[in-house]
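**Student:** Residue numbers (our numbering), protein chains in the order written: chain A, 1 to 155; chain B, 1 to 475.
For the record, the hints were derived by calculation from the structure and aren't laboratory data.
Virtual Cβ for every residue (Gly too), placed ideally from N, Cα, C.
Treat each hint with caution, since some may be false.
Unchecked claim - Some chain B residues judged to face chain A by a derived CB distance under 7 Å, without partners named:
#	residue
1	K149
2	L197
3	L200
Claimed, not checked - Coverage of chain A stretches by chain B, computed from C-beta distances (three or more under 8 Å per stretch; other residues unrestricted):
#	stretch
4	2–15
5	44–54
6	94–104
Chain residues, written in single-letter form:
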Amino acid sequence: MNQILVIGYGNTLRGDDGAGVAAAERIARRFPQVDVMTVHQLQPELAETIAWYSTVFFVDASVSARDIEMTPLAHLPGARPEGTHASTPATLVALSNELYGRVPDTVFLGAIPASSFEHAESFSRLTAEKVEEFIDRFALQLHDLRTACTATVHE
Amino acid sequence: MSKTITISPVTRIEGHAKITIQVDDRGAVKDARFHVNEFRGFEKFCEGRLMWEMGGITSRICGICPTSHLITSAKAGDDILAVAIPETAEKLRRLITLAQWMQSHALSFFHLSSPDFLLGFDSDPAKRNIFGLIVADKDFARRGIRVRKFGQEIIEVLGSRRIHTPWAVAGGVREPFDASRKDYLLGWIPEAKETALLALETLKKIHVRLQNDIPNFGNFRSLFVGLVAHDGALEYYDGTLRVMDGTGNIIADRIDPRQYHEHFGEASEPWSYLKFPYYKPLGYPKGIYRVGPLARVNICEYIDTPLAEAERKLFKAIAGDAEAVNNSFFYHYARLIELLFSVEKAETLLKDPVILGQHVRSKAMINRDKGVGASEAPRGTLFHEYQVNEDGILQKVNLVIATAQNNLAMNRTVRQLAIQYLDGTSITEGMLNRIEAGIRCFDPCLSCSTHAIGAMPLHVQVVDESGLVLSEVRR
Numbered sequence: 001m002n003q004i005l006v007i008g009y010g011n012t013l014r015g016d017d018g019a020g021v022a023a024a025e026r027i028a029r030r031f032p033q034v035d036v037m038t039v040h041q042l043q044p045e046l047a048e049t050i051a052w053y054s055t056v057f058f059v060d061a062s063v064s065a066r067d068i069e070m071t072p073l074a075h076l077p078g079a080r081p082e083g084t085h086a087s088t089p090a091t092l093v094a095l096s097n098e099l100y101g102r103v104p105d106t107v108f109l110g111a112i113p114a115s116s117f118e119h120a121e122s123f124s125r126l127t128a129e130k131v132e133e134f135i136d137r138f139a140l141q142l143h144d145l146r147t148a149c150t151a152t153v154h155e
Numbered sequence: 001m002s003k004t005i006t007i008s009p010v011t012r013i014e015g016h017a018k019i020t021i022q023v024d025d026r027g028a029v030k031d032a033r034f035h036v037n038e039f040r041g042f043e044k045f046c047e048g049r050l051m052w053e054m055g056g057i058t059s060r061i062c063g064i065c066p067t068s069h070l071i072t073s074a075k076a077g078d079d080i081l082a083v084a085i086p087e088t089a090e091k092l093r094r095l096i097t098l099a100q101w102m103q104s105h106a107l108s109f110f111h112l113s114s115p116d117f118l119l120g121f122d123s124d125p126a127k128r129n130i131f132g133l134i135v136a137d138k139d140f141a142r143r144g145i146r147v148r149k150f151g152q153e154i155i156e157v158l159g160s161r162r163i164h165t166p167w168a169v170a171g172g173v174r175e176p177f178d179a180s181r182k183d184y185l186l187g188w189i190p191e192a193k194e195t196a197l198l199a200l201e202t203l204k205k206i207h208v209r210l211q212n213d214i215p216n217f218g219n220f221r222s223l224f225v226g227l228v229a230h231d232g233a234l235e236y237y238d239g240t241l242r243v244m245d246g247t248g249n250i251i252a253d254r255i256d257p258r259q260y261h262e263h264f265g266e267a268s269e270p271w272s273y274l275k276f277p278y279y280k281p282l283g284y285p286k287g288i289y290r291v292g293p294l295a296r297v298n299i300c301e302y303i304d305t306p307l308a309e310a311e312r313k314l315f316k317a318i319a320g321d322a323e324a325v326n327n328s329f330f331y332h333y334a335r336l337i338e339l340l341f342s343v344e345k346a347e348t349l350l351k352d353p354v355i356l357g358q359h360v361r362s363k364a365m366i367n368r369d370k371g372v373g374a375s376e377a378p379r380g381t382l383f384h385e386y387q388v389n390e391d392g393i394l395q396k397v398n399l400v401i402a403t404a405q406n407n408l409a410m411n412r413t414v415r416q417l418a419i420q421y422l423d424g425t426s427i428t429e430g431m432l433n434r435i436e437a438g439i440r441c442f443d444p445c446l447s448c449s450t451h452a453i454g455a456m457p458l459h460v461q462v463v464d465e466s467g468l469v470l471s472e473v474r475r
C-alpha cells in the first residue's frame, strides 16, 4: 500500500460532475506510487480506508470554485454528516477519528471548476482544461510533500 | 383559509424531495404530498446507444444501488440475445445481488434510521446522526460500517470495481470468480452474521420502545408486489411476480416479468417528477402497491436459509389474522431479515463449487427486438425494458424504478403521519422528524445522478392559499 491516496468522485454521465473521476484516472496513469480510487459518491466505509494513509486527496467538481483549488482540510472533530446517503470528506475524516482513533496526517480537498451538469460524458471547455491543469497542480503538491517528508527525516 | 406546510428537502434519503402539508383553518390536514423535484432523464439519454453499453450506463444512475441496475440491464440483454446464461454466471450474479442488498440495507439501517431510533425522534437533531450514534454505541456504529464494507468487498472482488462495475454483461459475466479470494470473503461471514443478528435484536427493543409511535407509520392496507421463486421462496434475482393484497390473499401470481406492463401502469401528477405506478386491474390510485423488503417478506412462503426463516415466522406473527404486515415501519424489520438472509445465502454460494466454473458467458447476436430484465433491487422490483434495432442500437428505454413503485404508499404514509402529529400550524421538531422517518422507512432513492448540486438543509414553510409565507423554519 502506498502512503498517498487519491479519491476522485462524481458522476461521469453528468458532464462536469465527472471531473474529479477524470482527474483521478489521469493521476493513476501518471503516478504509480499513489493509490487511486474513483467513486460515484463518498460513502461511510471509506472512513476505514483513509485512516491508514498518511495523505489523502479528495478530488471533486465544484460549482463554486473559480479556479483549481487544493485546500488542506483542517481536522474538525465536530464535523457532522450532511444527512444523505453520501458523505463528505470532513465527515469521513471525523468518522475515521471517532471510529478508528486515527486520521491521515494531511487531507487535501481538490476542487475543479464545473458548470455543466446535463447528461453528457464530456466536459465543458473550461472544466476540460482545468482537469489537465489539476494534474500539474497535483504533481507540484506531491513534490512539496516529498520535500517536506525528506526534511522531516533529516531533522 | 387553508395553509400549506413545506418540508424541503427531506433529509437522510437519497436525492432531493420536499413534503407539503396542506391544512385548513382548524389545522386539520387536508392533504399531504411527497414531491420529487429532480428530473433524471436517463431513459432519453440512453436512446441511440448500443445495447451492450447499457450495463455501464445504467449502473451510473445511482451511487447506492449500481449493481442492481447492472444486473437488471444484463438480464434485459439476455432477453434480447435470447440466451440462457451459464449456471456459474447466474450464481455469480446472484452473489453480487446479495452483496448489493447487504451494503444498501446496512446503510439504511445503521446510518440513516438508527439515529432516530436509538437517540429518539425528539432528541437534538444536531446529535441525531451517525456521530451521535457513535457516542451512544461505538461498537454498533462500527459494525454497521463493517457489514456494509463486506458487501462492497464482494462487489469489488467480483467486479474489480466497487461502483459502476461493467462486470455483468448480456449473456453472463465478463470474468470467472477469482478462486483465491473465496476464503477471504468467507472469512467475513461470522462477523456479518453476528452483526445482522445484533441489529435484529436491537430493532426488537426499538419496537417495544416506540410502540406508541409505530401504529402511525404508514399503517394501511395496500397490495404487495415482488418476485418470488418458483417454489414460493424469497427471491432476489429471478422468479415470477406475485401480487398479494393487504389481507394476505394472493390475487395474481406467476406473472412473467416480461409482461409487467400488462399488469402495472404508470400515472403522472403535475407536482412531482416521480411517476406513480399502480396495479392496472384496480386502476389509479386504488391500485396502490408496495415493493421492497416489506413486500418481499410478506409475499414469500418461506426463506431458504435457517436464521432468516426463523425471523420471517416472527415477522409474520405481527400480522395476526391479516396474514400480511401492513405497517410501513416494519420495512426496517423486513430489511434486517433480508440482511441476515443475504449473509447466509452468500455463505452458501461461496461454498458452492459451481461458482468456480470458467464458462461464464453465452454469446449470441441480437435475436429479439425487445428485452425485459427484472430483479429485486434493495428497494424493490426493478425493471429495465429495451427496444433495439437489428444492430442492437436502443430505440426506446423504460426503467421502472423501485422507489417510484412505492410513490403512492409514501404519499399515504406522509398523510397519515401528518394527521397524527401535526398540531395546527405549529411546526415541531418531533412532527417533522416523524414524517421524515416515515419516508425513510421506504429508504427511497430518488436521484443521485449528480452529487454536486444542492446542499441538504431542512427547510419548512407554512404558506397560505395565496402563496404568502406565514412561518418558516430552517434547520
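**Student:** Interface hint check: L197(B), Cβ to nearest Cβ on chain A, cutoff 7 Å. Holds or violated?
**Tutor:** Check failed: Cβ of L197(B) comes no nearer than 20 Å to chain A, outside 7 Å.
**Student:** Mind taking a look at whether chain B covers the stretch 44–54 of chain A? Criterion is 3 or more residues with CB to CB distance under 8 Å.
**Tutor:** Our answer is that it holds, as 4 residues pass the Cβ test (under 8 Å) against chain B, meeting three.
**Student:** Taking beta carbons only, do three or more residues of the stretch 94–104 of chain A come closer than 8 Å to chain B?
**Tutor:** holds (count 4)
**Student:** Measuring from the C-beta of K149(B) to each C-beta in chain A, is the shortest one below 7 Å?
**Tutor:** holds (4 Å)
**Student:** With a Cβ-Cβ cutoff of 8 Å, does the stretch 2–15 of chain A contain at least three residues near chain B?
**Tutor:** As far as the stretch 2–15 of chain A goes, the hint holds, because 6 residues have Cβ atoms under 8 Å from chain B.
**Student:** Min Cβ distance, L200(B) to chain A: is it shorter than 7 Å?
**Tutor:** Given a least distance of 21 Å, the restraint on L200(B) is violated.
The structure shown violates the earlier hints numbered 2 and 3.
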